[in-house]
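Asks: Next come the chains, spelled out residue by residue.
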Amino acid sequence: MVVIGVGNALRHDDAAGLEVTCRLRARLHAGENAVRTEFAVREHEGEPLALIDLWEGAGAVVLVDAIRSGAAPGTIHRVEASHEPIPARLRGSSSTHAVGVGEAIELARALGRLPARVVVYGVEGLYFDAGSGLSEEVQGAIDSLTDAVLGEACSLASC
Amino acid sequence: MGAGRQTRVIRTDYLARVEGEGAMYVRLDGREVAEVKLRIYEPPRFFEALLRGRAFTEAPDITARICGICPVAYQMSAVRAMEDACGVRIDDGPIRDLRRLIYCGEWIESHSLHVYMLHAPDFLGYPGAVEMAREHREIVEQGLQMKKAGNAVMALVGGREVHPINVRVGGFYRAPTKTQLRTLQDPLERARETALATVRWATELPFPEVEREVELLALADPDPDAYPIDRGRIVSDGGIDIAPAEFDEHVVEEHVEHSNALHARIRERDVYLTGPLARYALSSQALRPLAGEAAREAGLGGVCRNPFRSILVRAVELVQACDEALALIESYEPPVAPAVEVTPRRAVGHGATEAPRGLLYHRYEIDEDGTILDARIVPPTSQNQLAIEQDLRAVLEANLDLPDDRLALRCEQTIRNHDPCISCATHFLQLTIDRG
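Chains R and X supply the protein sequences, listed in that same order. In terms of the working numbering, the first sequence opens at residue 1 and continues consecutively. In terms of the working numbering, the second sequence opens at residue 1 and continues consecutively.
No lab work stands behind these hints: they were computed from the structure. Mixed in with the good hints, there may be bad ones.
Derived coverage of chain R by chain X (criterion: at least 3 residues anywhere in the stretch with Cβ under 8 Å from a Cβ of chain X; other residues may be distant) [claimed, not checked]:
id	stretch
1	1-10
2	46-57
Have a look at the derived ranges for each label pair, beta carbon to beta carbon [stated by the list, open to error]:
id	chain 1	residue 1	chain 2	residue 2	range
3	R	GLY133	X	ALA327	41 to 47 Å
4	X	LYS178	R	ALA71	48 to 54 Å
5	X	VAL336	R	ALA26	35 to 41 Å
6	R	ARG89	X	GLN185	44 to 50 Å
Note that this is a predicted model, so its numbers are computed, not measured. Positions of the beta carbon are idealized from the N, C-alpha and C atoms, including for glycine.
If we strip away everything but chain R, and leave its shape as in the complex, we get (with noise of 0.2 Å):
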């Protein structure tokens, strides 16, 4: 079981997921997680064909990142992915790359190499600029957002 936060660290809402994971990895060592140890909390910028090493081995990944579907910034989106592809209007991903988050996937899924379990929790983000920090809207949505993801994460593990 691994949770792997997506962005880009200097491009506003595109840190989103890595403030997310940040977040979890706060709160875990803060023991507030009785399982703590039964999960993996990483950090990925850049390229996303890197995924496919990331959750090389786990049972059940869950991945966060920043989404551009057209729906109001902030808003939370959970997709499975263990036996669908992320569905077209939320491959919009903030993935400045050839091969997005979504391309990984199915990539991963052709060739075997996708965890049994993958859950992508997105968050509507507005600024993908250059330069730091989160949007109000984003902002705001972190905190539900890590619950989301630590209660997901906890549910995966105990599997």
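We have chain R; now place chain X onto it with these hints.
Replies: Frame of chain R, contents of chain X only:
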């Protein structure tokens, strides 16, 4: 047919399989190619603005986030520019070797991604790597394995796989031990074998016979046996031979209305191309013997002017990078200190290195306390835009009788030949696509 000329418009609003986002707009008027625009959505210079007011020591960390596929290139050009400003040159010794090593790691990572995931599908007739993986699993697995080897080099020397945090102005925060570097030998040896096999495989691909005449520009290492990557003068086959500090005198950037990137031209002449084809044309004699031999066996002459065959040149550069990385690991002795002292002063500095996609130029003006007053970053894809548009024009003229969907695909392939990193070219991603 009725009277009058028929206008065809071919638009691809979202280019698949290039880094970042981009668009292509073509207007054909009868049998005339009336308009060709490689359209970039991102406004320029946001990262340059972000750098202003920051400390010179922050440049590697900030610029590393411009591009997820080539953070090391940005860091290397940044540190060389800052060191240039401060009067420091790191041109040999273990620190330079480590820089060359981590840069080789990035070439391996970036080139294997392009060759296998982005470019190969074009030649094998698949829309993308995912579809290709279902029927050619071993090819994709090979690509991923090579990419992993490149990432491993970057992680070990850089401290983290992406956005290497170990890189600093003056060198590194910590230098690896010989023992640590030796853990890279096995994966790199396998990657080298795979790279050689990649050259052989790529030789058999169906290449359209296309020859493009365009001025080629790249770094040239002062050591005649060193393939350019981290230092050198800027040269071209049109006669350019300048120090990085003279870049501005010879290259003009202009803002073009249809693209938010800047178009670069050689001041005395016009369009130019940078990247693997340019490096190969200008420095193929400097390839390591194994890579040079692979190039010869592949039938690559002294210069390759067919952009479709760039996949072959990248494959040769993969051999080069793997072989060089192994040699550097073999000869490595840890430095006395992981970094040299760099004291800021009021100055302007220039740095030019060879990113996987071509020449990456940085210029910084810093204050006496090292505060960045001004920053200028010229990415390779930005420099190549005009050359890519010219390629598009040529492909269109030669293929007017194809139906629109096939013509659009040919155009997209033409763009992909150059492995453009559109997010680097304009530093910002805006994903609002107007489908009109």
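Asks: All the hints need checking, so say for each whether the structure fits it.
Replies: Hint check:
1. 1-10: holds (count 3)
2. 46-57: This one holds; 6 residues, not fewer than the three required, reach chain X with a Cβ under 8 Å.
3. R/GLY133 with X/ALA327: 41 to 47 Å: holds, 44 Å
4. X/LYS178 with R/ALA71: 48 to 54 Å: For R/ALA71 against X/LYS178, whose Cβ atoms are near 52 Å apart, the range 48 to 54 Å holds.
5. X/VAL336 with R/ALA26: 35 to 41 Å: The hinted range 35 to 41 Å holds for X/VAL336 and R/ALA26, with Cβ atoms some 38 Å apart.
6. R/ARG89 with X/GLN185: 44 to 50 Å: holds, 46 Å
The structure fails none of the hints (numbered hints given earlier).
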